[in-house]
Amino acid sequence: MTAGGVTTHAGAWIRQNLFRNARDSILTVVFGALLAFLTYRALSFVLGEDWEIQRQNMRNSLVGPEISGTDLWAPVIGIWLIAAAVGVMIGALDRSQHADQPGAILDPLRPAHWRQIAYRTVARLWPVFALVVFILLLTGSTTGLLVTLAAMALAFLGRAAGVRLPLGSVRWAALATALAPIVAVLIIRFGFGIDWNDWGGFLLVAFAGAAGIALSFPLGIFLALGRRSKLPVMKGLSVAYIEFFRGVPLVVLLLIGSLVIGLFLPRSLIPSEPIRAVIIFTLFTAAYFAEVVRGGLQSLPEGQEEAAKALGLPAWRITSFIVLPQALRNVIPAIVGQSISLWKDTSLMFIIGLAEPLRLASAFTRQPEFRGQGLITLTLFFAGLIYWIVSFTMSRESQRLERKLGVGQR
Amino acid sequence: MSTEPIAEELRDATVTRGAGGVIIELAQVDKFFGDFQALKDVNMKVGKQEVVVVIGPSGSGKSTLIRCINRLEEHDAGRIVVDGVELSNDIKAIREVRRETGMVFQQFNLFPHLTVLDNVTLAPRQVRKTPRAEAERLGRQMLEQVKIPEQADKYPAQLSGGQQQRVAIARALAMQPKVMLFDEPTSALDPEMINEVLESMKELARTGMTMIVVTHEMGFAREVADRVVFMEEGQIVEVGTAEHFFTNPSEERTKLFLSQIL
Amino acid sequence: MTAAQAPARARPPLWRDVRVLRVVGQAAALVVVGMLLAWLWSNLQNNVDSLGIPAPTDFSYLNQPVGQSIAGSDLRPTQSRLDALQVGLVRTIQIAIVGIILTTILGVLLGIARLSQNWLVATFARIYVELFRNTPPLVVIIFIYLGMFINGGFLPRVGDAVEIPNLLAADIRGISVLWVSFTDSPWPYLLVLVGAIAVGWGVVRWRNHVQDAQGKPTYPMLSGLVVFLAMAIVGWLALGGPTELSAPSVAENGRVTGGNKLTPEYAALLIGLVLYTASHVAEITRASIQAVARGQDEAAKALGLSAGQRLRKVILPQALRVAIPPLSNQYLNLTKNSSLAVAIAYVEMTRVTSDLVANGAPAFQAFLLLAFLYLLISLATALITNFINGRLAIPGR
Chain A
1 MTAGGVTTHA GAWIRQNLFR NARDSILTVV FGALLAFLTY RALSFVLGED WEIQRQNMRN
61 SLVGPEISGT DLWAPVIGIW LIAAAVGVMI GALDRSQHAD QPGAILDPLR PAHWRQIAYR
121 TVARLWPVFA LVVFILLLTG STTGLLVTLA AMALAFLGRA AGVRLPLGSV RWAALATALA
181 PIVAVLIIRF GFGIDWNDWG GFLLVAFAGA AGIALSFPLG IFLALGRRSK LPVMKGLSVA
241 YIEFFRGVPL VVLLLIGSLV IGLFLPRSLI PSEPIRAVII FTLFTAAYFA EVVRGGLQSL
301 PEGQEEAAKA LGLPAWRITS FIVLPQALRN VIPAIVGQSI SLWKDTSLMF IIGLAEPLRL
361 ASAFTRQPEF RGQGLITLTL FFAGLIYWIV SFTMSRESQR LERKLGVGQR
Chain B
1001 MSTEPIAEEL RDATVTRGAG GVIIELAQVD KFFGDFQALK DVNMKVGKQE VVVVIGPSGS
1061 GKSTLIRCIN RLEEHDAGRI VVDGVELSND IKAIREVRRE TGMVFQQFNL FPHLTVLDNV
1121 TLAPRQVRKT PRAEAERLGR QMLEQVKIPE QADKYPAQLS GGQQQRVAIA RALAMQPKVM
1181 LFDEPTSALD PEMINEVLES MKELARTGMT MIVVTHEMGF AREVADRVVF MEEGQIVEVG
1241 TAEHFFTNPS EERTKLFLSQ IL
Chain C
2001 MTAAQAPARA RPPLWRDVRV LRVVGQAAAL VVVGMLLAWL WSNLQNNVDS LGIPAPTDFS
2061 YLNQPVGQSI AGSDLRPTQS RLDALQVGLV RTIQIAIVGI ILTTILGVLL GIARLSQNWL
2121 VATFARIYVE LFRNTPPLVV IIFIYLGMFI NGGFLPRVGD AVEIPNLLAA DIRGISVLWV
2181 SFTDSPWPYL LVLVGAIAVG WGVVRWRNHV QDAQGKPTYP MLSGLVVFLA MAIVGWLALG
2241 GPTELSAPSV AENGRVTGGN KLTPEYAALL IGLVLYTASH VAEITRASIQ AVARGQDEAA
2301 KALGLSAGQR LRKVILPQAL RVAIPPLSNQ YLNLTKNSSL AVAIAYVEMT RVTSDLVANG
2361 APAFQAFLLL AFLYLLISLA TALITNFING RLAIPGR
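Chains as they are written, first to last, in my numbering: chain A, 1 to 410; chain B, 1001 to 1262; chain C, 2001 to 2397.
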């Protein structure tokens, strides 16, 4: 195409999308000015401010003030583990999706594929990369850079291993990916012996979110089946549970967890504050998962269950082999959506006084060198940015998945 | 209708067989969807009171053709004139043409939130500003014509597919259009319901309504069509009476297509 | 064999009888749950005894005096804790109503903007939605509260207030907005207004009726509005101007006078909730309009309806039905999220409760009561939604 062709294309696009008529042109001018002003303000905020306070407190933001020295290797090892497992799963997924056309499988060990891999990874995860680059540039930490590069290398090698796994090992890879965070938590808590109360910053909220999702999932499925049960007692108990936890704000539940749960247990059994928060997150999210799974169960044609019955399968096999796998597949995007919700809700640990990112953000501004300079906008912005990037990336991935699975559109 | 051998001039799509003058005229019409050309230099005329059936494989542009006539699609080149009004970007012309043409869709497209009677009276009241009482009298009359007066107060989802399509016909007729466009009106119907819809359409044809019908129902074409137009790849390939298509279609492509649907 | 002698049905052994198994299974579930609850309850009793706090069924703490006042309310410290809770409940409901109205306006506008053919408008709305939908509401609220008000990163300090003349003035101590207040008892004029609404509505009905009968457009909404305004103005004049406008302004010394002053706590909570929830409402609006099948718009076009008529008669009535369940869910979320007020010390229901507990009220009863109140609100919302859904349900679907 010639340069002239490009210009006319662009011209036509601009006319069609920006200046169709007089009203449109006015809108374009007004919103153009507004967008330009906001972009200018945002850029001058990010580039023009002195980020010294965040630079000095980066470690505090990420893992909390109580983890230092060699203990810092605990979260690092956790990240490496998860990176490797995710790499394996992506490789295995790629393999199984292109089983009939092996040429389309991207193999990290073939340099010819590197560009493709890099391109796709950046296209999907650019907000995360942008954040990591921002953090590395700000702190100028060589160790941080090496840790990041090691994590990327592990994901890369994991992917190489993933594409070499035999077909059908996707589910094992997925299981490994699900187990990796659990192992990471165990390493940090018991391998390095870091007490629950010492977890802080984004390490704390990531742990609370991941644990909440993992634990609430089985409970949610159980409740959904209970709600669909023909047995009145099962149904009644499930409905009461679900409606209670959906009707009361999470803030109130967390306060109850912090101030009331202790009254219901013998003193020796009372868990630490972070664990009580995780328990509340679990109980709360289970009620929402139950409704999501119920939606999936309702979307299944009745014929599926009848066909299975006609084959003489026992009830529990019908549920676990026929009904649940299909129902859960249909609601994967909704489950991701619920996970995003919980991720955002972990910020509520602020209210029960835990060392989560928002509380830390305001604590930084009370340090002697930064006191009274109105720096709270900086530290809060940084904390909010990480919350945003994680949830934005997850929601983009969930939309991708939705398109791929073809659910949500009938 | 007529069994006489086809006159040679009928091979040209711009020669009409209607009782009066020309009501629809398409001249050198092109239509693109992105890079795909859906209509290529289409020339066609339809006379008053004429019934034209358009056949052709899927993707041949026959739906696009009639959707251009009431401007559900904008044509990219050429002229389309309906009852003396040329279709352009002029919103007044578009409104005028739509008022004078009724359309029946493959998927009925009844308004699910309105009763059958409200579906039928919506346009007369909103567009023609007909008083409600008169619009309803007219609406019931139209429902009578398609033989479902008793369904007036039900909602579309409570009717069978055939009944819904007949409501759709009544809805279009209620605007007292000069031309009726049918876009595969029986393709979404169960076999036992096709006939009731075709009967309504035949009756309409007998009243002298100008109709353009996209359909594969060759029996219908044989009974009421003045002309049959065969389209492929956005072009008009062959024109003639239904009899002509049954007995000796001249083009190879036409023969191949007919052998698949008959 | 005769018909009378039907063979006796074979009885399976009890442990294989489906019906017996069902009953036993349910009984077992009840017993397990019951035992769990009993264990928790006995722990509660033991703990309460050993701590020497009121028994879990003793709600008499509600009658004791609060011992403190609530900012912005005329509650006296000598009034009971129940009165304080009532103030909190009213405030929760009040912020929910104001929040829902503002959220709906902003969210619907953004949702329509998302569908705009103008690329810049659609992009602006998309950035807004992605920005606020993916940020925890607590972050937004605290950012506004600490970042804008208390520490003044974006708003000027006291004595240096900014204003949009006569409409709005702000500094780090709060926002003042233009407000209407009554010089005397508000009731006479409120009655006039109610009457005006009734008459205006009657006019709308009447003009609609005429339009139906004659077919000619009679502009029902416009006529109704004109009649309403005329009555409102005449009534206002007749009552000798019972209201006065209070416009905020910045005085010589740079301080804000006049207007209705919103405290930083209230403003931060309200703005935060509205910004966050509007992003969800925008998505619901967009999805609902897109959910109306394309054929519907085509059919309406083919009938010759104008763009406005298509929107009013065909698209919106259907989109609204799709939107109501998720919308009511968002409204409920906003109401529940108003409990985020505890983080910034705006005193509503949750904050009152946690303050009461901090001042010695028994935690179990206080939070049980709080949870119960929220459940009541949820239940009421669910009932209203179901009622509206039932009224709007399309027969045959």
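Hints were generated in silico from the structure; no laboratory data involved.
Hints should not be assumed to be uniformly reliable.
Each computed PhoX-like pair below joins lysine-lysine, with the alpha-carbon atoms no more than 20 angstroms apart [stated by the list, open to error]:
| hint | chain 1 | residue 1 | chain 2 | residue 2 |
| --- | --- | --- | --- | --- |
| 1 | B | 1092 | C | 2261 |
| 2 | B | 1178 | B | 1154 |
| 3 | C | 2313 | C | 2216 |
| 4 | B | 1154 | C | 2216 |
| 5 | B | 1129 | C | 2301 |
| 6 | B | 1048 | B | 1202 |
| 7 | B | 1147 | B | 1092 |
| 8 | B | 1147 | B | 1202 |
| 9 | C | 2301 | C | 2313 |
| 10 | B | 1129 | B | 1178 |
| 11 | A | 309 | A | 230 |
| 12 | C | 2216 | B | 1129 |
| 13 | B | 1178 | C | 2301 |
| 14 | B | 1129 | C | 2313 |
Distance windows between CB atoms, simulated [claimed, not checked]:
| hint | chain 1 | residue 1 | chain 2 | residue 2 | range |
| --- | --- | --- | --- | --- | --- |
| 15 | C | 2064 | A | 341 | 52 to 60 angstroms |
| 16 | A | 272 | C | 2090 | 31 to 39 angstroms |
| 17 | C | 2033 | A | 93 | 39 to 47 angstroms |
| 18 | C | 2226 | B | 1195 | 37 to 45 angstroms |
| 19 | A | 98 | C | 2380 | 52 to 60 angstroms |
| 20 | A | 304 | C | 2380 | 35 to 43 angstroms |
| 21 | C | 2097 | A | 179 | 18 to 26 angstroms |
Quick reminder that beta carbons are idealized off the backbone N, C-alpha and C, glycines included.
Hints and how they fare:
Distance check on the hinted pair: residue 1092 of chain B and residue 2261 of chain C sit about 52 angstroms apart at the alpha-carbon level, beyond 20 angstroms; violated. A C-alpha spacing of about 28 angstroms is found between residue 1178 of chain B and residue 1154 of chain B, which places the hinted pair above 20 angstroms, so the restraint is violated. With a C-alpha separation of about 17 angstroms, the suggested pair residue 2313 of chain C and residue 2216 of chain C falls inside the 20 angstroms cut-off, and the hint holds. With a C-alpha separation of about 27 angstroms, the suggested pair residue 1154 of chain B and residue 2216 of chain C falls outside the 20 angstroms cut-off, and the hint is violated.
For the hint linking residue 1129 of chain B to residue 2301 of chain C, the alpha-carbon distance of about 16 angstroms falls within 20 angstroms, and the restraint holds. For the given pair, residue 1048 of chain B sits about 16 angstroms from residue 1202 of chain B by alpha-carbon distance, which is consistent with the 20 angstroms threshold. For the suggested pair residue 1147 of chain B and residue 1092 of chain B, the alpha carbons sit about 35 angstroms apart, so the restraint of at most 20 angstroms is broken. Restraint check for residue 1147 of chain B and residue 1202 of chain B: the C-alpha separation of about 13 angstroms stays at or below 20 angstroms, so the hint holds.
For the proposed pair residue 2301 of chain C and residue 2313 of chain C, the alpha carbon gap of about 12 angstroms is at most 20 angstroms, so the pair holds. Of the supplied pair hints, the one linking residue 1129 of chain B and residue 1178 of chain B holds, its CA atoms being roughly 18 angstroms apart against a limit of 20 angstroms. For the given pair, residue 309 of chain A sits about 16 angstroms from residue 230 of chain A by alpha-carbon distance, which is consistent with the 20 angstroms threshold. The hinted pair formed by residue 2216 of chain C and residue 1129 of chain B meets the criterion: a straight-line CA distance of about 6 angstroms does not exceed 20 angstroms.
Our distance criterion of 20 angstroms between C-alpha atoms is met by residue 1178 of chain B and residue 2301 of chain C, whose separation comes to about 17 angstroms. Restraint check: the Cα-Cα separation between residue 1129 of chain B and residue 2313 of chain C comes to about 15 angstroms, which is no more than 20 angstroms; the hinted pair holds. Between residue 2064 of chain C and residue 341 of chain A, the C-beta spacing of about 39 angstroms breaks the proposed range 52 to 60 angstroms. Evaluation of the 31 to 39 angstroms hint for residue 272 of chain A and residue 2090 of chain C yields a pass: the beta carbon distance comes to about 37 angstroms.
The hinted range of 39 to 47 angstroms is satisfied by residue 2033 of chain C and residue 93 of chain A, whose Cβ atoms lie roughly 41 angstroms apart. Range check, residue 2226 of chain C to residue 1195 of chain B: about 55 angstroms between beta-carbon atoms, so the 37 to 45 angstroms window is missed. Checked against the hint of 52 to 60 angstroms, the C-beta distance between residue 98 of chain A and residue 2380 of chain C comes to roughly 53 angstroms, which is consistent with it. The beta-carbon spacing between residue 304 of chain A and residue 2380 of chain C, approximately 38 angstroms, falls within the hinted interval of 35 to 43 angstroms.
The given range of 18 to 26 angstroms is broken by residue 2097 of chain C and residue 179 of chain A, whose C-beta atoms sit roughly 48 angstroms from each other.
Hints 1, 2, 4, 7, 15, 18, 21, counting from the list given before, are not met by this structure.
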